[in-house]
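*Asks:* Following the hints, put chain B in place on chain A, whose structure we already have.
Just so you know, the protein sequences line up as chains A and B, in that order. Numbering of the first sequence is given in my numbering, commencing with residue 1 and proceeding in unit increments. Numbering of the second sequence is given in my numbering, commencing with residue 186 and proceeding in unit increments.
There could be a bad hint or two in this list.
[Said to hold, decoys possible] Heads up, simulated DSBU-like pairs for lysine-lysine below, C-alpha to C-alpha not over 35 angstroms straight-line:
1) A/Lys163 <-> B/Lys257
2) A/Lys34 <-> B/Lys257
3) A/Lys91 <-> B/Lys252
4) B/Lys252 <-> A/Lys139
5) B/Lys355 <-> A/Lys34
6) A/Lys45 <-> B/Lys355
[To be verified] One side only, chain A facing chain B, incomplete, derived with CB under 7 angstroms:
7) Glu37
8) Thr70
9) Lys80
10) Thr81
11) Ser108
12) Asn174
13) Val178
No lab work stands behind these hints, which were simulated from the structure alone. Keep in mind the model is a prediction, meaning the values are calculated, not measured. Glycine included, each C-beta is placed from N, C-alpha and C at the ideal position.
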Amino acid sequence: MYSLLIDTHDTKVSFVLYKNGLVKDQIILESNMKHSEIAMPSLDKIISRNNINIRDINELFVVIGPGSFTGVRIGVVIAKTIAYLLNIPIKTLTSLDLLVYSNQSILSGLYSVIEKNGYFIGKYDSDGSLVNEIEYINKEEFDKLSFIDVKDLNYENIYKHIKGKEPVNPHLVNPIYVKQIEALK
Amino acid sequence: MKDVYILAVETSCDETSLAIVKNGKDVVAMEVYTQMDTHALYGGVVPEIASRMHTEAITLVLESLLKKSNIKIDQVDAVAVTYAPGLMGGLLVGIEFAKTISYIYNKPLIKVNHMVGHIYANNIENQLEFPLLAMVVSGGHTELVEMNGDYDFKLLGATLDDAIGEAYDKVARIMGVPYPGGPNVEKLARDGNVSYQLAKPVNDNTLNFSYSGLKSNVINLVHNYKQRGEEININDLAASFQYVAVDEIIRKLSIALSNKKYKMVVLAGGVSANQYLRNEVDKLVKSYGTILAVPRMLYCTDNAAMIGAAAYPLFINGKNIVDFSLNAKSHISTTD
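Looking at chain A on its own, in the form it has when it is part of the complex (with noise of 0.2 angstroms):
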């Protein structure tokens, strides 16, 4: 049983290959903002280095922002398109998601992802939910606030956690975005 997370909504591009739950392989890699210059080799990479073919993937966990809007459309583009063709089970998870799934147990309370000029947060429940919605606050609210600390995502604890959840149709499979752009203001 093979499953492939994908992560670009940073300055960073990630592939993690499981197999039965186990993390097998991951390419990490700094993108430097030319996310679709290493996105789609990264993914070639490691299925072939694996010795796998694409289609051997059972399924596919995608994160869907907040973050970069460019960079997250890479990652969602790719997932969605090979959970579509190939009628693979795809689940999606925030940014946020990643931090509190990294814990074996999950620490309920405020959870934060930077952003350049911000931060992203959520309040999130021990059953991890998350409570209301996630929000953008600049550096002068964030300081005031404290947040549960996760030094490294951990794959392994993430892939527990999403385990359960149910697949969601490909065609739905879009980016959050918490920041409202200029023309919709």
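*Replies:* Okay, now just chain B, sitting in the frame of chain A:
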């Protein structure tokens, strides 16, 4: 020879379009999902909204394309994608989508220049004949290109400042004409007379174009009338602007046509949908004993069929076949 089927992807601006094209000429199936109504709410194309809508639509557009097509996706010989010029965010959605299909089905990936696509739109229902003179007119391009064979380009001239479509859009904004500005200015001009004196661009014998002077001329005129509290006849102003804008094309085209005998003249790019421009160019081209090719309206505006048509000679000659590191480019010339 075996038939060649190309799956083509076009997402450079505000249409999500996919097509399957046989031998660069027969459109097996095409889908065009336009975002125009959404952008109209903002008075112009908002790049971030365009990228979002491409992402939301792309697999749905593929699903309806495949329903229409008797060719299955794994039966195509190659995947072609517009990589430039256009809006970066939109181009990237199409590029990643095309790469993924190319990867899954192990098909060659071909990069296509959007402007060249507009020229090859004329190869769908007509046959391009060389030597050919292409007048490329769009929101980002005003270029006069000679072709002596497939992909054998020579840039004869280009705009030194604004593109003709850009001038139409800017003038539309000054005149308070809603989006899409260019086509609306043309509509207004139909009921107007050329009554305002607008300066013609510098009259030289090069094949270069200039539109920023004409644009400033309209801005100043509107400003002066407003200051004097006088009413402007918007139809007449549209007609006066259009007369000078199109005259610039006619003047340069006639120099090029006097310099060399061409078998065919092609109008390509978004502004080729302008009926007044088409008529004027048609008259000129006929007077030189040459034929003008203009695509059907469906293939005039952005569409993936033209990308499939432009990719065919590339596929046959093994050109522009790229790997998965392909990136988008916002600005390139037709001849790049």
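*Asks:* Each hint: holds or not?
*Replies:* Evaluation of the provided hints:
no., hint, result
1, A/Lys163 <-> B/Lys257, "33 angstroms, holds"
2, A/Lys34 <-> B/Lys257, "32 angstroms, holds"
3, A/Lys91 <-> B/Lys252, "26 angstroms, holds"
4, B/Lys252 <-> A/Lys139, "50 angstroms, violated"
5, B/Lys355 <-> A/Lys34, "33 angstroms, holds"
6, A/Lys45 <-> B/Lys355, "47 angstroms, violated"
7, Glu37, "4 angstroms, holds"
8, Thr70, "6 angstroms, holds"
9, Lys80, "6 angstroms, holds"
10, Thr81, "4 angstroms, holds"
11, Ser108, "32 angstroms, violated"
12, Asn174, "5 angstroms, holds"
13, Val178, "13 angstroms, violated"
Hint violations for this structure: numbers 4, 6, 11, 13, all remaining hints satisfied.
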